[in-house]
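Residue numbers (my numbering), protein chains in the order written: chain P, 3 to 1028; chain H, 93 to 608.
Calculated directly from the structure, the hints in this document are not laboratory data. One or more hints might be untrue.
[What the hints assert, rightly or not] Taking lysine-lysine pairs in the BS3-like style, the calculated list, with each CA pair at most 30 Å apart, reads: (1) H/366 x H/278; (2) P/307 x P/52; (3) H/523 x P/826; (4) H/488 x P/407; (5) P/865 x P/715; (6) P/843 x P/825; (7) P/826 x H/582; (8) H/123 x P/843; (9) P/988 x P/307; (10) P/256 x P/302; (11) P/913 x P/865; (12) P/434 x P/35; (13) P/903 x H/437; (14) P/834 x H/588; (15) P/825 x H/488; (16) P/363 x P/302; (17) H/582 x P/834; (18) H/437 x H/582; (19) P/903 x H/608; (20) P/407 x P/261; (21) H/608 x P/531; (22) P/826 x H/278; (23) H/588 x P/826; (24) P/302 x P/452; (25) H/286 x P/598; (26) H/123 x P/825; (27) H/488 x H/278; (28) P/820 x H/582.
[Said to hold, decoys possible] So the derived label-pair ranges between C-beta atoms look like this: (29) P/727 x H/336: 21 to 29 Å; (30) H/553 x P/485: 42 to 50 Å; (31) P/405 x H/553: 33 to 41 Å; (32) H/526 x P/556: 35 to 43 Å.
As the structure is a computational prediction, the values presented were derived from the model and not from experiment. Even glycine gets a Cβ: it sits at the ideal position worked out from N, Cα and C.
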Amino acid sequence: MKRTLTYVLVSFLFLFLGIHLSAQAQNRVITGKVANDKNEPLVGASVVVKNRPSTGTTTSGSGTFSLTVSSTDDSLVISAIGYGRQTIAIANDLQVRLSTTSSPMEQVVVIGYGTQKRADLTAPITTVNTENMLKRTTATPMEALQGSVPGVQVVSAGAPGKSPDVRVRGVGSFNNESPLYVVDGMFVNDISFLNPNDIAEMSVLKDASGAAIYGVRAANGVVLITTKKGTLNMRTKVTYNGYVGFQTPTHRLKMANGKEYLAFSLGRQSAADSGTALLSSQKFGGSGLNPTTSTDWYDKLLRSKALITNNGIDLQGGSDKVTYSAGINYTYQNGIMEAQNSFKRYNIRLQMEAKAYSWLKVGFTAHLNNSTTFNAASNAFSQAYTASPLFPVYDSANTNAYPIKFASGAVIGRNDDANPVATAYYNYDRVKAFQVLPTIYAEAGFWNNKITFRTQLSQLYSSLSDIQFTPRYNLGPGANDNAVTHLNSTQERNTNYIVDNLLTYRDGKGPHHWTLLLGQSTREDRWRKTSVSADGVPSIEESWYVSQGTVTYPPTEDGTRNANISYFTRGTYDFDNKYLLTATFRADGSSKYQTKWGYFPSVGLGWVLSREDFMKDQKLFDFLKLRGSWGKLGNDGVAPNAGYAIVNQGNNFSAIFGSTAGANGQYVPGYTINRFFTQLSWEVVTEWDGGIDFEVLNRRLKGSVDYYNRKTKGTALNAPLPFSYGSLYGNWADMVNSGFDVVLNWSDKIGKLGYQIGGNFSTVKNKVTSLGNTPRITSGFPEWTAEFPNRSVVGQPINYFYGYQFIGVYQTQEEIDKDDIAKKYNQTAATKIVPGFPKYKDQNGNGVLDEGDRVNMGSYIPKITYGFNLGLDYKNFDLSIAFQGVAGNKILNLNRGKLYKASTSLNIDEKFANGLWTGPGSTNSYPSAYALGQGWFKVSNSFFVESGAYLRVQNIQLGYNFNVGKTSPIALRVFATADRPFIFTKYNGFTPEINVNNSFGYSVYGYDANVYPISATYSLGVRATF
Amino acid sequence: MQQYIKIIAWILTISILSGCSKFLDRPQENKGQQTKIDYTNLSNMYQPVSGVYRTASSGSFARWIIVTMINVRSDDSEPGNDDAGQNSIHHFQNDVTVKSYWGVNDMWINLYGVVLAANSALAELDEFGKNIPASDAANTQLLARYRAEVRFFRALAHYYIGRYWGAVPILGLESNNPFNLAGAKKSSIEDVKKYVIAEMDTCIASLEDARPNEAAHMGGVTKYTALTLKAKAAMDLAGNTPSSPYWDIVLDCTNQIINSHKFSLFNDYYNLWKKAGKLSNEALLEFQYSDFGNPTGDIVTSGANPGERWANFFLFQGPQNTRSNVITGSGWMVPADTVVGFLNKRDDSVRMRTTIQYCGINGDPNTYAVTPDGDTVSGNSSGKKYFNGKAYYPIKDMTPGRVDYYGANNNVHMLRYADVLLMNAEAKIRKGQSGDAEINEVRARVKLAPLAGATLDQVLEERHAEFICEWWGERFNDLLRTDNAATELKYLGFQKGTSEYLPIPQAQEDVNSNLK
């Protein structure tokens, strides 16, 4: 047996050697080295034989390669992502320099379900410069893109771990503005779980030609992310990336201090306010109406410095058959609230791909995340905004209070004021989450890889456990007493999957090149949430189980399930890389709607003028391309619609009977029916795009200009129902977004000083074109829809702020006596208009302030979003500065607007308090303190509508690059970064970046109810590669 | 080649499997389907009715802002805060500031919420009805009764909406189609009241002939509740005209109630408002709440859901008390000084002791007062001297340990027998008969000497005293229907012709131009 085996083995060996030797006879091995223009070795560059793309290799960790070529081969094609392609004659010991200044048009760009050369694109696809992205010390990748991608507006959020809002080309839908994120083929709603370091490539698909292949998910644009992978025959490359820094609150809104508040509150002339002042003096110091207490609640709640750190190590490599990469990353961000408030995350990324056979590749990638978030008491900041500064944090005389002697606002008559520090202190809210995102795939290539078939299963499993524990406490008189501990425990899980099957055919003949893609995709998303709570649970963490206490509320559960099936195809054709055509078609079926199927075609055309003969002799344009595209896109960010009457049952819909002197009464099972429903169909966007890409002046100036026009038909939105707080969800509106996306980059050198200036801007014009049979739709921030409504009518932007135009302040009694509106009002009003009262414009000139005087007070959609950056490099130093901003939008300052419903004097910001009208001529922009409390001021008016324009210095980074060691040197970069250090804005709030509010079950934009201070981050970092 | 065949086979298999239509065609998760309700199970027929009771009692009539909106249109109560909207309404302002005030819109929406819920429930009862065989007399009768209970609440909501806005739309079953809502047209003030009377005529025949605390669902609406509402609507229509035939309706309805001999006044006026007074023989309609006798956990209050702590009827009227963590609130709806003067002048000590509770001495925040039940209540920074004793719930009555919902486990009284007696007396006096027996029954309970040959003024004064600081606007309505508002409320700014009704909320006009 053994002998037979040996024989066989030896025979095989001979056979193998024989083949090898025979090949040796005709072939030779060449070696070489590929470097960049700074003569640093380029790792992973592709080296292939011209006209024989199947023969090739990639460069090793030191930039070297060796390749067996045949005697008939004459040249090699050398390329690397981000560098120009070079074709070079075969010779021994080749030294190749790839230059970044060569045309980026040769870059391969990741597009939907495939790749394409940049020059061949018919769509405005922006590839993100991942290098620049890493300069920003943000915990989430999208925040790092702020201001750098034209047509993409990023609105960052303040709280640790919270994702920013992202809008591509304006607002196409009411439901969900977020683009689709595709991470290694998996659809996700948000990529804040990714570490920016894991991202190898990122493309933003903005128009129909690029995005329509994603059909129903594409209306808001698509962001494609490919994570880092190793390449074949690559020496192991190790990268360490780390920074440590601190966040400090910046542009903090100052609230009125004790004195300022006192002046304002006494100015309201109410008994309660003078009572508060007297009590504050009596209890906490001062005399009479001059209390001395002045608590700066924000100061008490904020940390001056909160740690932020990120450390990651990354490995990439590959043998001749297997490539791999692995990364591990740790992020810690302390919150800026002086409380248990932080975010901690571990990321692990694993990737492996094996060439199982010459025609078959199999591989997987997996992302694992583990995070722990301590959520701060979100209401503490809003309490700090409104709480009176006339009571202190602690009060030893507060006898009932335990365990901590916090002061109670009630003792000075401020029953509605919570003690924000106490709120923060007694809050415990810990969210532990993990997520696994595994993807496995197999890709078979046939007919010299002209046909490939890929099948991929992508999954997302995530789970979250949220423990909220409230200890026993008492805050003293007039305040909440929590006599027993309370535990709330929530479990959430997501189980999503996508199965993709892709058949790609790529071929060409002479100057003709074509590709064809056929694909099929099946997707299911499931979410389930279970919440249980109990009282009287012991206060040690190990006992935080509901079975340790008394279960007093029934558990609640919720869940969703959405399923999709899609079929899609794409064909591209080009003639001599000069005339380009892309056509796509996708059919999507969704379980969310009553109309199940939608069909999304697109066509894109391109003409590379610079390749035409008549352009040959001109010197100006190095590259010039005209593009045009048309297509339809769908949006399934629309909330699922039941399409049937819903039964609400359970205790909350059952009445009590028999609640008498002697009995507690009991539920008699009941139900209610919500029968206000509609049949929902697709929201469809039809988009036109025309663009031009150019490179001029020796490729020093590059840019592109696009005009787009997006018509959204059947926008699904909640139209408020008369007689009800409810609304009816349906395809009610049509609207158009149009505008320009412009990007320009200039780079050059002056001696040793390299510099680069780049800028981009996009404009958006939003207009409602139809509301069906409804004359108008009014909406607004829930609970404030009566005071601060917005409305939509045909011909105006969607949801513009609606109300009276504030035009100044009545200065004197004579002015009032001469004013028709004031005279008329004073005839019947109990509280007359007196000097210091606001003045509204009588738009219809009828002498009475009535509903006809209400006007468009502005829209929350910025007319223009822009960013620009400046980069300098000199020897080993580099410096970059990035700016970004928006203009032409309005914000409704709901924090100031809170005064409307307040029945007592809430605190106000310092500027407001000091700006109040105090006498004739004092100011024309703020009413008097007295007027603030009166009905005349409490109509929807433009006093609260402010410009949301801002310019922010987003990022400044100074870096120094050097090598350590001679043989296989370690490339090091050390850098100092300042993130968001400055902002220039006139807006009277914490930040003019207003996040969408979804907490009421539908999206509300432009109303500022944010009281979370924004912080700047200053950090030092190091990156090492070897 | 075999590979290709295999691959094609795979693609086909996967496509066909995933293309299964069931995959896309499934109902939404966790959203109960109306079509899955088993209408053949007639034992569930009361469920939609119970849903209407809950809608009416939680988040509607007894919701804090609605109670406030009704109450401030009177000389009995002051807002007790400097909310401009409430103060404007207290002063009968009727301009753009009141039109935009959220409370006006909130009251409109939540009272119409009862109407919409009732119409929805009636459609449900029709579905059950389809499964009742003609021979099944018992269930046919039950169905009629359940429909009548639901229609009572629909009428009750219309009655109060009409009282506060005058001419308003009447929403019938057509409101079950949301597309009909924006076109709803107003009915005249009289037509709304006539509608209530007609509805009650239909209901009375089908409702239980029982005192509410003896009803099949204890505390539910019975024939007598409907008769009371009919009498009230008729009394409004009768106005100040003694010859109006509507006085006959008032008399007839109240006589039926009195002559049933099922009702009597609860003997202790002070404790009527406490635990002992829950669902007494005086109750014609009470909103029932419960904390189930537990110190924490499940609770039903006047808030739309248990979490809506602020909407609790008792909390916002509670004193701003720094002496107790339990009896404390926002100190709104403060009895006016005129109330104290009025009751003092009448020597009405029982009603005084019941209605007027003190916040310290003259409201001084450094002092405290002791209630008749022994609870201490401090003064407050605004110097408010009183709080409404009818909304005071003593610690001794509360479930031990229940500290987070002041007033938990007390009911809210809406229609009571004293009103029936006084309406009866008034109708008799208007018609030239003697109302002494009825008026004296009410007076005797509060230890007042009997009257002989009581006059219209006396019965109206008795109504004022009996319902003083209660929440359903009897005082203002009495002034309005007797045409006394312009004189009595002039000092607050009442002007005849403009101050009778609240303006229709701007937000509602904006979505339905028929309301202008």
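Item to complete: Check each numbered hint from earlier against the structure, then list the numbers of those it violates in ascending order.
Response: Violated hints (numbers, rising): 1, 2, 3, 8, 12, 13, 15, 16, 21, 24, 25, 26, 27, 29, 31, 32; every other hint is consistent with the structure.
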